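> Residues per chain, in single letters:
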Amino acid sequence: MLEKGKLLRIYVGEREKFENKTLYQYLVYWLREKGIGGATVSRGVLGYGQDKLLKSAKILELSSDLPMVIETIDCSSKIEAIIPELCKIVPKGLIFTVDVDIHKYGKEV
Amino acid sequence: MLEKGKLLRIYVGEREKFENKTLYQYLVYWLREKGIGGATVSRGVLGYGQDKLLKSAKILELSSDLPMVIETIDCSSKIEAIIPELCKIVPKGLIFTVDVDIHKYGKEV
Amino acid sequence: MLEKGKLLRIYVGEREKFENKTLYQYLVYWLREKGIGGATVSRGVLGYGQDKLLKSAKILELSSDLPMVIETIDCSSKIEAIIPELCKIVPKGLIFTVDVDIHKYGKEV
Numbered sequence: 068m069l070e071k072g073k074l075l076r077i078y079v080g081e082r083e084k085f086e087n088k089t090l091y092q093y094l095v096y097w098l099r100e101k102g103i104g105g106a107t108v109s110r111g112v113l114g115y116g117q118d119k120l121l122k123s124a125k126i127l128e129l130s131s132d133l134p135m136v137i138e139t140i141d142c143s144s145k146i147e148a149i150i151p152e153l154c155k156i157v158p159k160g161l162i163f164t165v166d167v168d169i170h171k172y173g174k175e176v
Numbered sequence: 068m069l070e071k072g073k074l075l076r077i078y079v080g081e082r083e084k085f086e087n088k089t090l091y092q093y094l095v096y097w098l099r100e101k102g103i104g105g106a107t108v109s110r111g112v113l114g115y116g117q118d119k120l121l122k123s124a125k126i127l128e129l130s131s132d133l134p135m136v137i138e139t140i141d142c143s144s145k146i147e148a149i150i151p152e153l154c155k156i157v158p159k160g161l162i163f164t165v166d167v168d169i170h171k172y173g174k175e176v
Numbered sequence: 068m069l070e071k072g073k074l075l076r077i078y079v080g081e082r083e084k085f086e087n088k089t090l091y092q093y094l095v096y097w098l099r100e101k102g103i104g105g106a107t108v109s110r111g112v113l114g115y116g117q118d119k120l121l122k123s124a125k126i127l128e129l130s131s132d133l134p135m136v137i138e139t140i141d142c143s144s145k146i147e148a149i150i151p152e153l154c155k156i157v158p159k160g161l162i163f164t165v166d167v168d169i170h171k172y173g174k175e176v
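Chains as they are written, first to last, in my numbering: chain W, 68 to 176; chain C, 68 to 176; chain V, 68 to 176.
Heads up, some of the hints might be wrong.
Since the list gives no way to pick one copy over another, a pair counts as held whenever it fits inside one copy or between any two copies.
Stated by the list, open to error - Only pairs whose alpha carbons sit at most 25 angstroms apart, straight line, appear in this in silico SDA-like list of lysine to any residue:
#: 1; residue 1: K71; residue 2: T89
#: 2; residue 1: K145; residue 2: N87
#: 3; residue 1: K88; residue 2: P158
#: 4; residue 1: K174; residue 2: E86
#: 5; residue 1: K155; residue 2: C142
For the record, the hints were derived by calculation from the structure and aren't laboratory data. If you're wondering where the values come from, they're calculated on a predicted model, not measured in any experiment.
Produce the entire structure from the sequences given, and follow the hints as far as they go.
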C-alpha cells in the first residue's frame, strides 16, 4: 500500500477556548466527527507565537498557556475539505499541510 | 551540506506489544539495528485512531494507551529499504514518509 | 490564505550547551530575535542519535540527555536565510526543512 495523503498540523494555545470548550480538545472531537481517520495531540514544553511572548513549562507552570500541536493524516481530499471550516474555528493559531506518502493506515479491514 | 532525505513517522499505541516487548521500544532498537542514524519517540497527550476511541493523559492515566510517535530521518534509500519489513512489525499503526532537505546530520566525521 | 512556506526542525540534546546556555532555550530566543514568527519545543521520551546511545525518560531520569525538537514555520526566504548561521550554532544536531502549505498564520493583522 502506498497512497498520497496530507499531514495537517494545527498549533493553538493550551488555554484557548472555543464555545466555552478547550480548543485543542474541541478540535479532536471535531476531526473525529468529520470522519478524519485519527488525530494526535502533543504538548510543547517551550515556545512562542505571534505575540512573541515566551510560554514555558518551567515558568508559572500552573497558569501557562503552553503550545499544543494537533496533527492528523488522511487522504488529500478529506483534509482539504475541512480546512475552510477549520480556519474559522482557529482564529489565532497556525495551520499547515504537507504532502505525505502513506505506507500503512491502520489495520486492513 | 544539503541532501535529500526522508522523514519517517510511525504511530502506535503506548501499550501495543510485539513478541512480548513494548512495540515503540522494540521499534527504536530495530531502527538502530538497521543502521538508521537516529530516532526520537514522543508521547501524545490525547488522540484517537482507527477504533475512534479517545485516548487521553487525563482519563484513566495508569491504564491508558496513549499515542506514541516514533520518528526518524535518513537518506531516502535507507528509509525505503526498511518499510516493507516495518509494515509487518506494525500491524495496526500508521506509517508515512515525507521528502525533506537535510541541512545538517550530526557531527561531521 | 494559502502560502508556500517551510517547516524547520532542529534536534538537539536536552543538556547540550551553547555559550554556557542551554542550547534548545538559546535557539528559541535566537529564532525570535531573527524575526521568525513562532517556535515550539517538544521533549522526546526516548531516542538515539549519532553516538547510538539510547536516551530514555525512564532510565537515569535526572541525568538523561533527552532528545529535544525545536520546530518553526515561516516563509521559505526567512527560513533559508537563517540556516547557514543555525548550522554553526548546532554543531552536532540534525536540521531539516520541509515544504509546507500554510493555510493560516496567526491572527490577521
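> All hints, please: hold or fail.
Hint-by-hint comparison with the structure:
With identical chains, the CA atoms of K71 and T89 are never at most 25 angstroms apart, being 32 angstroms at best within one copy and 29 angstroms at best between copies. In this assembly of identical chains, K145 and N87 lie within 25 angstroms of each other by CA distance neither inside one copy nor across copies; the values are 27 angstroms within and 36 angstroms between. In the homo-oligomer, the alpha carbons of K88 and P158 lie at most 25 angstroms apart inside one protomer (15 angstroms), although the nearest pairing across protomers, at 35 angstroms, exceeds that limit. Only between protomers do K174 and E86 lie at most 25 angstroms apart by alpha-carbon distance; the minimum there is 18 angstroms, versus 35 angstroms within a single protomer.
In the homo-oligomer, the alpha carbons of K155 and C142 lie at most 25 angstroms apart both inside one protomer (22 angstroms) and across protomers (22 angstroms), since each shortest distance falls under that limit.
The structure fails hints 1 and 2 (numbered hints given earlier, in ascending order).
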